[in-house]
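Peer 1: Work out the full structure, taking the sequences as your base and the hints as a guide.
Chain order of the listed sequences is A and B. At the far end of the first sequence sits residue 176, using the numbering used here, and the numbering has no gaps. At the far end of the second sequence sits residue 176, using the numbering used here, and the numbering has no gaps.
The set of hints was computed from the structure by calculation and includes no laboratory data. Incorrect hints may appear among the rest.
Which copy? The list can't say, so a pair holds if one copy fits it or any two copies do.
[Said to hold, decoys possible] Straight-line distance between alpha carbons at most 25 Å, and here's what the computed DSS-like set of lysine-lysine pairs gives:
(1) K97 x K135
(2) K142 x K97
(3) K105 x K135
(4) K151 x K97
(5) K158 x K105
(6) K105 x K151
(7) K142 x K105
(8) K114 x K142
All values derive from a computational prediction rather than experimental measurement.
Protein chains: 2
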Amino acid sequence: MKARIKITLKEGVLDPQGKAIANALGALGFDGVGDVRQGKYIEVELKESERASAEKTVESMCKQLLANMVIENYSYELEDA
Amino acid sequence: MKARIKITLKEGVLDPQGKAIANALGALGFDGVGDVRQGKYIEVELKESERASAEKTVESMCKQLLANMVIENYSYELEDA
Numbered sequence: 096m097k098a099r100i101k102i103t104l105k106e107g108v109l110d111p112q113g114k115a116i117a118n119a120l121g122a123l124g125f126d127g128v129g130d131v132r133q134g135k136y137i138e139v140e141l142k143e144s145e146r147a148s149a150e151k152t153v154e155s156m157c158k159q160l161l162a163n164m165v166i167e168n169y170s171y172e173l174e175d176a
Numbered sequence: 096m097k098a099r100i101k102i103t104l105k106e107g108v109l110d111p112q113g114k115a116i117a118n119a120l121g122a123l124g125f126d127g128v129g130d131v132r133q134g135k136y137i138e139v140e141l142k143e144s145e146r147a148s149a150e151k152t153v154e155s156m157c158k159q160l161l162a163n164m165v166i167e168n169y170s171y172e173l174e175d176a
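Peer 2: This is how it looks when you write it as structure tokens:
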């Protein structure tokens, strides 16, 4: 089973990397670009085949290692291999 | 309109960051973790309201700035604001 995890900054947390991208897009001539937020995207291959226990595992991975719960949110999708 | 863009490394490109995550998950006691790949996730707020032209804009953003097409792939979803 494959987990596709998105880690994003919480609303209100400053995102200088996103700002830099927005500025660079403007400099390249893209008009009408509003807010840009950068996050992380992680794909994890799991040997788990049961959806419920895979969900539990991924939640626990996010909380313990992948996301900093003080400033970040996570979301994920599971996909059967 | 909001674009949710995923930038991932192409198959075969080494991903030391992903390897580090896999090792750290192993050290935390998560068994059965296979391949881990880290990519980027970018949300861009567009003033564009037409889907076709928004698609063109996002493709062009990815090719010109967001993704390094030599080693990375991109995919995206558009969402009406």
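Peer 1: Now look at each hint and say whether the structure bears it out.
Peer 2: Now the hints, each set against the structure:
no.: 1; hint: K97 x K135; verdict: both (16 Å within a copy, 17 Å between copies)
no.: 2; hint: K142 x K97; verdict: within (9 Å within a copy, 34 Å between copies)
no.: 3; hint: K105 x K135; verdict: both (13 Å within a copy, 16 Å between copies)
no.: 4; hint: K151 x K97; verdict: within (14 Å within a copy, 30 Å between copies)
no.: 5; hint: K158 x K105; verdict: within (14 Å within a copy, 27 Å between copies)
no.: 6; hint: K105 x K151; verdict: within (22 Å within a copy, 29 Å between copies)
no.: 7; hint: K142 x K105; verdict: between (30 Å within a copy, 22 Å between copies)
no.: 8; hint: K114 x K142; verdict: between (38 Å within a copy, 16 Å between copies)
In summary, this structure violates none of the numbered hints.
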